[in-house]
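Chains A and B, in that order, are what the protein sequence lines are.
Taken in order, the first sequence gives residues 496 to 609; the numbers are from our numbering.
Taken in order, the second sequence gives residues 416 to 529; the numbers are from our numbering.
Check before you lean on any hint, since a few could be wrong.
Unchecked claim - Calculated from the model, a selection of chain B residues having no Cβ within reach of chain A, i.e. all distances over 10 Å: (1) Lys429; (2) Thr430; (3) Gly431; (4) Gln437; (5) Glu467; (6) Asn480; (7) Lys486; (8) Ser509; (9) Phe520.
To be verified - So the derived list for chain A, only partly shown, Cβ under 10 Å to chain B, looks like this: (10) Tyr531; (11) Gln540; (12) Tyr597; (13) Ile598; (14) Gly600.
Derived from the structure by calculation, the hints contain no laboratory data.
Note that the coordinates shown come from a computational prediction; the quantities given were computed from them, not determined experimentally.
Cβ atoms here follow ideal geometry from the backbone N, Cα and C, with glycine treated the same way.
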Amino acid sequence: GENVEQHPSTLSVQEGDSAVIKCTYSDSASNYFPWYKQELGKGPQLIIDIRSNVGEKKDQRIAVTLNKTAKHFSLHITETQPEDSAVYFCAASGWVSGTYKYIFGTGTRLKVLA
Amino acid sequence: NAGVTQTPKFQVLKTGQSMTLQCAQDMNHNSMYWYRQDPGMGLRLIYYSASEGTTDKGEVPNGYNVSRLNKREFSLRLESAAPSQTSVYFCASSDMTHSGNTIYFGEGSWLTVV
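Just chain A, with the same shape it has in the complex (with noise of 0.2 Å):
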């Protein structure tokens, strides 16, 4: 079936530093890419968006890529704090049989030290 290969599963930086998290999918169909923050004992968080007719979109530190031919997506922290700290999923999305499908990355912890 359709997946989502999501990569790492665990990331840790200094404080200052980049991250990269990286997502791979296989439906060539999907064309709805967004990012979500799950802090500890919450649900997921929109943090950012990408749609398959661009290939890049910043909000302040973060940042998403998209290589529609490659079939990757990638979401960049720049500038960490710990408040980043979280586990981050990707998913995948496009209209399916009336409905819009999304598949979720396992998700990556991310962990800031100061």
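Based on the hints, put chain B in the right spot on chain A.
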């Protein structure tokens, strides 16, 4: 703005007991979802409702039933709980379009089956 609200937050069940997880959204979204989250497995879709009056199976529907009570509410029922259903359950909603829209999650329900 409450967004997606689910209850209960925590529940312990004995094997064989039944229970219903309640979910309501106040964003006037057409589509609602139930996911479960297990360590290393990411978010897996149990059931979804593309619009009021319709429900469909997701990736892991066995052992669950759902009801789309009205546009706001979507409940998940465990008829005979099993230890394998110990998990964190998330309700979500989105406004469905062909171009893709953000899916918003509730805060989660922690269920333990002993």
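Practice task
Classify the label on B:Phe520 as holds or violated, using whether its beta-carbon is more than 10 Å from each beta-carbon of chain A.
Solution key: 4 Å, violated
Practice task
Grab the minimum C-beta distance from A:Ile598 to chain B and call the hint holds if it beats 10 Å, violated otherwise.
Solution key: At 8 Å from the nearest chain B Cβ, A:Ile598 passes the 10 Å test, so the hint holds.
Handout entry: Minimum Cβ distance from B:Gly431 to chain A greater than 10 Å, as the annotation requires
Key = Since the minimum Cβ distance to chain A is about 28 Å, B:Gly431 lies beyond 10 Å and the statement holds.
Problem - Reported absence of B:Lys429 from the contact zone with chain A (all CB gaps over 10 Å) - result: The assertion about B:Lys429 holds, with a minimum of 24 Å to chain A.
Practice task
Using Cβ atoms only, decide whether A:Gly600 comes closer than 10 Å to chain B, and label the hint accordingly.
Solution key: Holds: closest Cβ of chain B sits about 6 Å from A:Gly600, inside 10 Å.
Practice task
Would you check whether the claim that B:Ser509 is not at the interface survives, using Cβ distances to chain A and the 10 Å cut-off?
Solution key: 7 Å, violated
Exercise for the section: Tell me if A:Tyr531 is really an interface residue toward chain B, meaning its C-beta lies closer than 10 Å to one of theirs. Expected result: 8 Å, holds
Handout entry: Verdict on B:Lys486 as a residue remote from chain A, using beta-carbon distances over 10 Å
Key = 15 Å, holds
Exercise for the section: Report holds or violated for the interface hint on A:Tyr597, using the least CB-CB distance to chain B and a cut-off of 10 Å. Expected result: OK, holds: A:Tyr597 within 10 Å of chain B, min 6 Å.
Problem - Interface exclusion of B:Gln437 relative to chain A, criterion Cβ beyond 10 Å - result: Non-interface label stands for B:Gln437: nearest chain A Cβ at 15 Å, farther than 10 Å.
Exercise for the section: Quick one: work out the minimum CB distance from B:Asn480 to chain A and report holds if it exceeds 10 Å, violated otherwise. Expected result: 19 Å, holds
Problem - Outside-interface status for B:Thr430 - nearest CB in chain A farther than 10 Å - result: 26 Å, holds
In the structure shown, a violation is registered for the earlier hints numbered 8 and 9, in ascending order.
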